[in-house]
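Each protein sequence line maps, in turn, to chains A, B, C and D.
Residue numbers for the first sequence follow the numbering used here, so the first one is 49 and each next one is one higher.
Residue numbers for the second sequence follow the numbering used here, so the first one is 49 and each next one is one higher.
Residue numbers for the third sequence follow the numbering used here, so the first one is 49 and each next one is one higher.
Residue numbers for the fourth sequence follow the numbering used here, so the first one is 49 and each next one is one higher.
Just so you know, the hints here were simulated from the structure itself, not pulled from any lab data.
Please note that the accuracy of each hint is not assured.
No copy labels: a pair is met if it fits in one copy or bridges any two.
Straight-line C-alpha distance at most 25 angstroms; calculated DSS-like pairs for lysine-lysine [unchecked claim]:
id: 1; residue 1: 233; residue 2: 83
id: 2; residue 1: 83; residue 2: 321
id: 3; residue 1: 321; residue 2: 157
id: 4; residue 1: 128; residue 2: 211
id: 5; residue 1: 157; residue 2: 299
id: 6; residue 1: 321; residue 2: 88
id: 7; residue 1: 132; residue 2: 186
id: 8; residue 1: 307; residue 2: 100
id: 9; residue 1: 299; residue 2: 88
id: 10; residue 1: 185; residue 2: 113
id: 11; residue 1: 88; residue 2: 344
4 protein chains.
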Amino acid sequence: MIKVSIVGGSGYGGGELLRILTNHPYVEINKITSKNYIGKQISFIHPNLRNKINKVFCSLEELEKCDLLFIALPNLESMKYIEKFSSLANYIIDLGADFRLKNLELFEKYYQTKHLSPDLINKFLYTIPEINRQEIKKYKYFSCPGCEATSIILALYPLVQEKIINEKTKIIADVKIGSSAAGSKPSLSTHHPERNSVIRTYHPINHRHEAEIKEFLNLNVEITATAVEIVRGILSTTHIFFDGNQNLKEKDIWQIYFKYYQNEPFIRIINQKEGLYRLPEPKILWGTNYCDIGFKINEETKRLVILSAIDNLVKGTAGQAVQIMNILFNIEEKTGLDFIGLHPV
Amino acid sequence: MIKVSIVGGSGYGGGELLRILTNHPYVEINKITSKNYIGKQISFIHPNLRNKINKVFCSLEELEKCDLLFIALPNLESMKYIEKFSSLANYIIDLGADFRLKNLELFEKYYQTKHLSPDLINKFLYTIPEINRQEIKKYKYFSCPGCEATSIILALYPLVQEKIINEKTKIIADVKIGSSAAGSKPSLSTHHPERNSVIRTYHPINHRHEAEIKEFLNLNVEITATAVEIVRGILSTTHIFFDGNQNLKEKDIWQIYFKYYQNEPFIRIINQKEGLYRLPEPKILWGTNYCDIGFKINEETKRLVILSAIDNLVKGTAGQAVQIMNILFNIEEKTGLDFIGLHPV
Amino acid sequence: MIKVSIVGGSGYGGGELLRILTNHPYVEINKITSKNYIGKQISFIHPNLRNKINKVFCSLEELEKCDLLFIALPNLESMKYIEKFSSLANYIIDLGADFRLKNLELFEKYYQTKHLSPDLINKFLYTIPEINRQEIKKYKYFSCPGCEATSIILALYPLVQEKIINEKTKIIADVKIGSSAAGSKPSLSTHHPERNSVIRTYHPINHRHEAEIKEFLNLNVEITATAVEIVRGILSTTHIFFDGNQNLKEKDIWQIYFKYYQNEPFIRIINQKEGLYRLPEPKILWGTNYCDIGFKINEETKRLVILSAIDNLVKGTAGQAVQIMNILFNIEEKTGLDFIGLHPV
Amino acid sequence: MIKVSIVGGSGYGGGELLRILTNHPYVEINKITSKNYIGKQISFIHPNLRNKINKVFCSLEELEKCDLLFIALPNLESMKYIEKFSSLANYIIDLGADFRLKNLELFEKYYQTKHLSPDLINKFLYTIPEINRQEIKKYKYFSCPGCEATSIILALYPLVQEKIINEKTKIIADVKIGSSAAGSKPSLSTHHPERNSVIRTYHPINHRHEAEIKEFLNLNVEITATAVEIVRGILSTTHIFFDGNQNLKEKDIWQIYFKYYQNEPFIRIINQKEGLYRLPEPKILWGTNYCDIGFKINEETKRLVILSAIDNLVKGTAGQAVQIMNILFNIEEKTGLDFIGLHPV
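Please take these sequences and the hints and turn them into a complete structure.
Dropping the structure here:
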C-alpha cells in the first residue's frame with residue numbers, strides 16, 4: 049500500500065484525487081489538508097464521498113510522513129511550502145503550475161511574479177505519460193501539465209515527431225472549457241446567473257499554457273480560451289496551416305496518430321464517417337481519464353483541424369496525476385482510472 | 049413625464065426596472081443608487097443597457113427629489129432608510145419584503161428580526177393589480193409581493209373568491225425556481241459548478257412567502273421551494289385536495305379562472321389538449337410580465353393541480369412594480385411591458 | 049461467469065446495462081439486440097463504450113441460449129415476446145413495465161391496452177431489493193419498478209412499516225425528472241430548442257407509476273411529474289399530511305429511516321444542518337446506484353416532506369437490475385455498482 | 049401599412065418574424081403558410097404569440113397578393129416556388145440560402161445540387177444593411193445572409209476596407225453556435241439527452257457560409273463550427289495573422305471599427321478593460337438585433353482575434369430581414385427591433 053496525503057483537498061482537483069484514490073486498491077489515504085475547512089468532514093465539501101471516506105480536513109501543520117504527497121493547491125502556492133513538502137515525502141506530484149516551467153523568464157512573463165524556489169525546478173519532471181513515460185522512474189518530483197496544455201500537447205505531439213509542424217508553424221488552439229476549470233472559489237464571473245449559457249472568450253490572447261507548450265514541444269501555439277455552458281470538459285480545436293509543400297491526406301494523419309497512440313490505454317482516435325459522435329466530444333468523458341483525438345484535413349487549403357477532448361479534472365488534472373503514480377510505483381497504469389464514462393449525460 | 053429614481057440599481061430587480069423604464073415613453077430616470085458601484089457606468093453591471101442608458105451609479109446621499117422612488121434593496125434594508133425616502137418622493141414602490149406584512153408577529157417569526165419602522169407599515173398597500181387594482185389610487189406607498197407569492201396568489205385568488213378553498217384547505221405549493229431569485233451576490237450556493245444542473249430543495253418548509261399569502265388571502269399554504277437549472281422563471285405547482293362534498297369538473301375550473309381573469313392583460317389561461325406547451329411553461333415568459341395559469345383536476349380523488357408560471361424578475365418583481373406605477377399615474381397598464389417573449393429559447 | 053444477453057440494447061436502459069456489465073467481473077455478455085441498428089457497432093450508439101466492447105447489435109432471431117436475459121424494450125413490447133424469451137434463458141430481468149402489475153384491471157386502466165401474457169404475470173417478482181431481497185431466490189423472473197416509483201417507494205416504505213401512513217393518507221409526490229427518462233427516440237418534445245431550460249409539468253395527474261405503488265405498498269400516492277433541465281436524475285418531493293394524533297418529531301423520522309436502511313449499501317440518509325448538499329441532490333448521483341433520502345417535518349402543521357434522489361437510468365433502471373442479478377447469483381451486491389459519483393458536475 | 053405574408057411560418061425563422069412583426073406599427077400580417085400545420089393556430093407552434101396573433105397557418109395555395117413576401121423556408125425550397133412568389137408580391141425577402149450566391153459553380157459545390165432558377169439570381173441583392181444599405185432601394189428581391197456569415201462579415205468588413213486583410217490572408221473563423229440554428233425539425237442530433245452539454249464540432253471544414261463570404265468580401269475564410277449548450281446565439285472567434293509589415297496597435301483597430309460602425313444602430317463595439325462582459329457575449333443579445341464586436345491584438349505575433357456575437361434568429365435571420373424591410377419602405381430602421389436584451393439570463 050502506498051501511503052499518500054493530499055495538500056489542498058477541498059478544491060476540485062483535490063476532490064477528484066479523493067474520488068479516484070478512494071477506490072484505488074493500492075493506496076491508503078493519510079492526511080487531507082485544507083485552509084478553510086479544518087475539522088470538517090471531507091464529504092461536507094465533496095458530497096459524492098459520503099459513506100466512502102470518513103475523515104476530516106486538517107491543517108498543513110498536521111501533515112505526517114508519507115510515501116507520496118499530491119499537491120493540489122492554487123497556482124503559486126506550492127512553491128512557498130515546497131521545502132516542507134520535500135521533508136515529508138519521498139515523492140511529490142504537483143497538480144499546480146509552480147514547477148512546470150524551467151525557463152524563469154518565461155515563468156515571470158506569464159505568471160507576473162518571481163519564483164520562490166528556483167533551485168528546485170529542475171528536480172521536477174513535467175509529465176505527460178504518453179510522451180515521457182520512460183522518464184518517470186528517473187525522477188521523484190513531478191509537475192502535471194495544465195488542463196488546456198494537456199489536451200493541446202497530446203493533439204500536437206505526433207505531428208511534431210513526424211515533422212509536420214515545427215516552431216515556425218502558425219498554430220491556433222481555440223479552447224472551449226467548462227466552469228470547473230476556474231476552481232472552487234465563488235466570484236462574480238462564476239455566479240450562476242452570470243455564468244449560465246455563456247459563450248465567453250475570457251482569454252483571447254496570452255494564455256499561460258502557451259508557455260509550457262513552448263517549453264515542452266518547442267511550438268508557438270496561440271491559445272484563445274472560451275468558457276461555455278458545462279461544468280467539466282475541454283474541447284481544444286487546434287487549427288494548423290501546414291507547409292504548402294506537404295501533400296498530406298486524411299489517411300496520412302490517421303497513420304501518424306495510430307503510430308504514436310495505438311497502444312495507449314487512455315487515448316482514443318475518433319474519426320467516424322457517420323453518427324452523432326463522429327469526432328471527440330467532452331461530455332462522454334466526464335469522470336474518465338481519456339483524451340479523445342480526432343481531425344479533419346482540408347487538402348485544398350492545407351489546413352488541418354485537430355480536435356482533442358478531455359475531462360479537465362481527470363486527464364487534465366487528478367487522473368493524470370494518478371496515472372503518473374501508477375507508473376512510478378509499478379502498478380498497472382489503468383488502476384483506479386477505469387471509469388467508462390456516461391451516455392447519455 | 050414621471051421623474052423616477054431607483055434605490056439599489058445594481059441588483060437584478062433594479063436592473064430589470066432599468067431595462068423596462070429605459071423604453072418607457074412617460075418616464076424620465078433621474079438617479080440610480082448602488083452601494084458597491086458608485087461612479088461606475090450602469091452598463092458595466094447591466095451590459096444589456098449599453099448604448100441605452102448613459103449614467104453612473106450614485107450614493108444614497110446623492111438622491112434628489114423626484115416623483116416616484118423605486119426601492120430595489122435587499123430585504124430588511126428599506127426599513128432603515130424609509131424616512132429619508134419619504135422625504136424625497138411623493139410615491140414609493142418597494143420591491144423588497146420590508147413592508148409586505150401588517151402583522152408584526154408574523155414579520156418577526158419569518159424574518160427573525162424586529163421591524164424598524166412599524167409605524168409606516170399601514171401606509172403601504174400590498175399590491176397585486178389583478179386583485180386590488182381599485183385600491184391603488186388611495187395609496188402613495190406600495191409594497192410588491194414576493195415572486196413565489198405572486199405566482200401562488202394569482203393561482204389561488206379565484207378559488208378563494210368562489211369559496212372552493214379557505215383557511216382550512218390543505219394546500220401545498222411546490223415551487224421550482226431559477227437562480228436569479230437568489231440575487232446578484234455570489235456565494236458558494238450560486239457558484240456555477242455547484243449550482244449547475246441542480247434539482248435542489250433548499251426550502252422544504254417554512255418559506256417566508258407563506259406569511260404574505262396568509263395575510264392577503266387568509267390561506268394556509270405550505271411552500272416547498274426547489275432550485276432548478278434555469279436563471280429566470282418560476283413554476284408553482286399548487287396541489288389542493290378540495291372538499292369531498294364539492295363536485296368540481298374541469299370546465300368549472302375553466303369558468304372560474306375565465307370569470308376573474310378574462311380581461312386581464314397579463315394573465316393567460318393555458319390548458320391545451322395537445323401540443324408541447326399544453327400547460328404554463330416559464331421559459332417562454334422570460335422578459336415578459338405575464339402570469340400563465342393552467343390546471344388539471346382529478347375528479348376521482350378530488351385533487352386539483354394549479355400551475356402558474358412567471359418570470360420572477362418581471363411579473364415577480366420589476367414588471368409588477370411598473371404595472372403599479374402605470375395604474376397610479378393613469379398610464380395604459382401595458383406601457384413598457386409589451387415584450388412578447390421568445391420562442392424557442 | 050454468468051452468460052447474459054440484452055434485448056433492446058440500443059436504448060438508454062440497455063446502454064446503461066452495457067456500461068455496468070462491461071466492467072462486471074462475473075458477467076460475460078453474449079448477444080445484444082436492437083431493432084434499428086442490426087450490424088452496427090455497439091459504440092456507434094453508445095460512444096462511451098468505445099474500446100470497451102467490440103460487438104455489433106443483432107436481431108431478436110439471433111439470440112442464443114444464455115443464463116440470464118435482460119429485457120430493456122420499450123413498454124408493452126416484452127409481453128409480445130415473453131414466450132420466446134423464456135425458452136432462451138432460465139432467468140429474466142425485465143426493465144420495462146409489462147409485468148409490474150398483478151392486477152389486470154389496473155394494468156388496463158393505466159396502460160390502455162389488454163395484457164398479452166396474463167398467465168405469466170404471477171411468475172414475476174416486482175423487485176426492490178431493499179424491500180424484498182429475501183424473495184429473490186424464490187423467483188426466476190423479475191420485473192424492475194419504474195424509475196419514479198423506485199424513488200417514491202424507497203422514500204415511503206419505512207413510513208408504511210411504522211404505520212405513519214396508510215392507504216387513507218393523502219400523499220402527493222411532486223417528481224422532477226431529466227430528459228433521459230423519455231427514452232432514446234427523438235420527438236418534438238425532446239427537440240433541444242424546445243426541451244432546453246424547461247420546467248414542464250407534463251403529467252399533472254394520473255401518472256402510471258401510481259398503479260405499482262398502490263399494488264406494492266397499498267398507498268394512494270398522487271404523482272405530478274415535471275421535466276426539468278437535466279439529462280439524468282430524479283428528485284421526488286413527497287408531501288404527506290400525517291394524522292393529527294401523531295406527534296412526530298424530526299428525530300423520530302431519523303430513527304425510522306435509520307432502522308430500515310442503516311445497512312443498505314445503496315441508500316444514504318441525508319439531512320445535514322448546514323452546507324450546500326444538506327438534502328438529496330440528483331446530480332451527484334449520476335452514474336451511481338444510490339438512492340439518497342432526506343426529510344423535513346413541520347411539526348406545527350403535521351406535514352412531512354420526504355426527498356428522494358436517484359439516477360433514473362441506474363437505481364431507477366439498469367443498476368437496480370444488476371443489483372437483483374448480483375443477489376440472485378450470490379455475488380456481492382455492490383459488484384459492478386461501485387461508481388462513487390462526480391463532484392462537481 | 050405594409051401588407052406582408054410569411055411563407056414557412058412554422059419554423060424558427062418564421063416564428064421570429066411573427067414575433068417582431070406582431071408589434072411592428074406599420075405592418076399588417078396577411079397570410080402565414082406551413083406545410084405541416086395547416087389550420088392550426090399560430091400560437092400552437094409559437095406559444096409566445098398567445099393572445100397576440102389570432103390566425104391559423106394556411107397552405108401555399110392560399111397565399112394572396114401582398115406588398116411583401118418573407119420567405120422562411122428550409123434551404124433549397126424557395127427556388128422551387130420563386131416564380132409563384134414573384135407573381136404575388138412586388139417585394140421578396142428570402143431568409144434562406146437559395147439566392148445568396150451569384151456564382152453557380154460555387155453554389156453547386158457547397159449545396160450539392162443544381163440551381164432551379166438561375167435566371168433570377170441576379171435580381172436578388174445579398175444584403176447586410178450596414179454594408180450595402182445604399183443599394184437596397186435599387187432592388188426588389190433580397191437575399192439575407194446566413195447567420196454565421198452575418199457575424200463573420202460584420203467582423204471583417206472594416207478590415208477589408210482598410211486593406212488590413214485581403215484574399216491572401218489566412219483567416220479562421222471558429223464559430224460557436226446554439227441549437228436553434230439547426231431548425232425546428234427533431235432528429236437524433238437535437239434529441240435533448242444527446243444535444244445537452246455538448247461541445248460538438250459538427251463542421252470542422254467546408255462550411256457552406258464560406259462561399260457567401262468569398263463572394264461578398266472576396267476573402268478566404270475557413271469556418272469551423274461547434275455546437276454548444278445554448279438555444280440561441282453565435283459567437284464567432286475570427287483568428288487572423290496579419291501581414292508582418294503592418295504595425296497595428298489595439299487603438300488602430302478601435303479606430304477602424306469606430307470609423308465604420310459608430311453610427312450604426314445595431315452594432316456595438318465592446319472592448320472593456322475590466323468587468324465580466326469585457327467582450328461580446330451572445331446571451332445578452334437573445335431577442336435583440338445587435339451584433340456586438342470586440343477584438344484583441346497580439347502585437348508581438350501579429351495575430352488579431354475578432355469576436356462577434358449575434359442572436360442567430362434575429363440579426364442572423366428575421367431581425368435583419370425586418371431591418372431591410374424598414375429601409376426599403378422608408379421606415380425608421382430600428383422600428384420593431386428595439387428590444388434591449390435581458391440580463392441576467
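Tested hints:
no., hint, in the structure
1, 233 with 83, "both (12 angstroms within a copy, 23 angstroms between copies)"
2, 83 with 321, "between (50 angstroms within a copy, 22 angstroms between copies)"
3, 321 with 157, "between (43 angstroms within a copy, 20 angstroms between copies)"
4, 128 with 211, "neither (40 angstroms within a copy, 51 angstroms between copies)"
5, 157 with 299, "between (40 angstroms within a copy, 23 angstroms between copies)"
6, 321 with 88, "between (51 angstroms within a copy, 13 angstroms between copies)"
7, 132 with 186, "within (22 angstroms within a copy, 61 angstroms between copies)"
8, 307 with 100, "between (41 angstroms within a copy, 20 angstroms between copies)"
9, 299 with 88, "between (55 angstroms within a copy, 23 angstroms between copies)"
10, 185 with 113, "within (21 angstroms within a copy, 50 angstroms between copies)"
11, 88 with 344, "between (49 angstroms within a copy, 23 angstroms between copies)"
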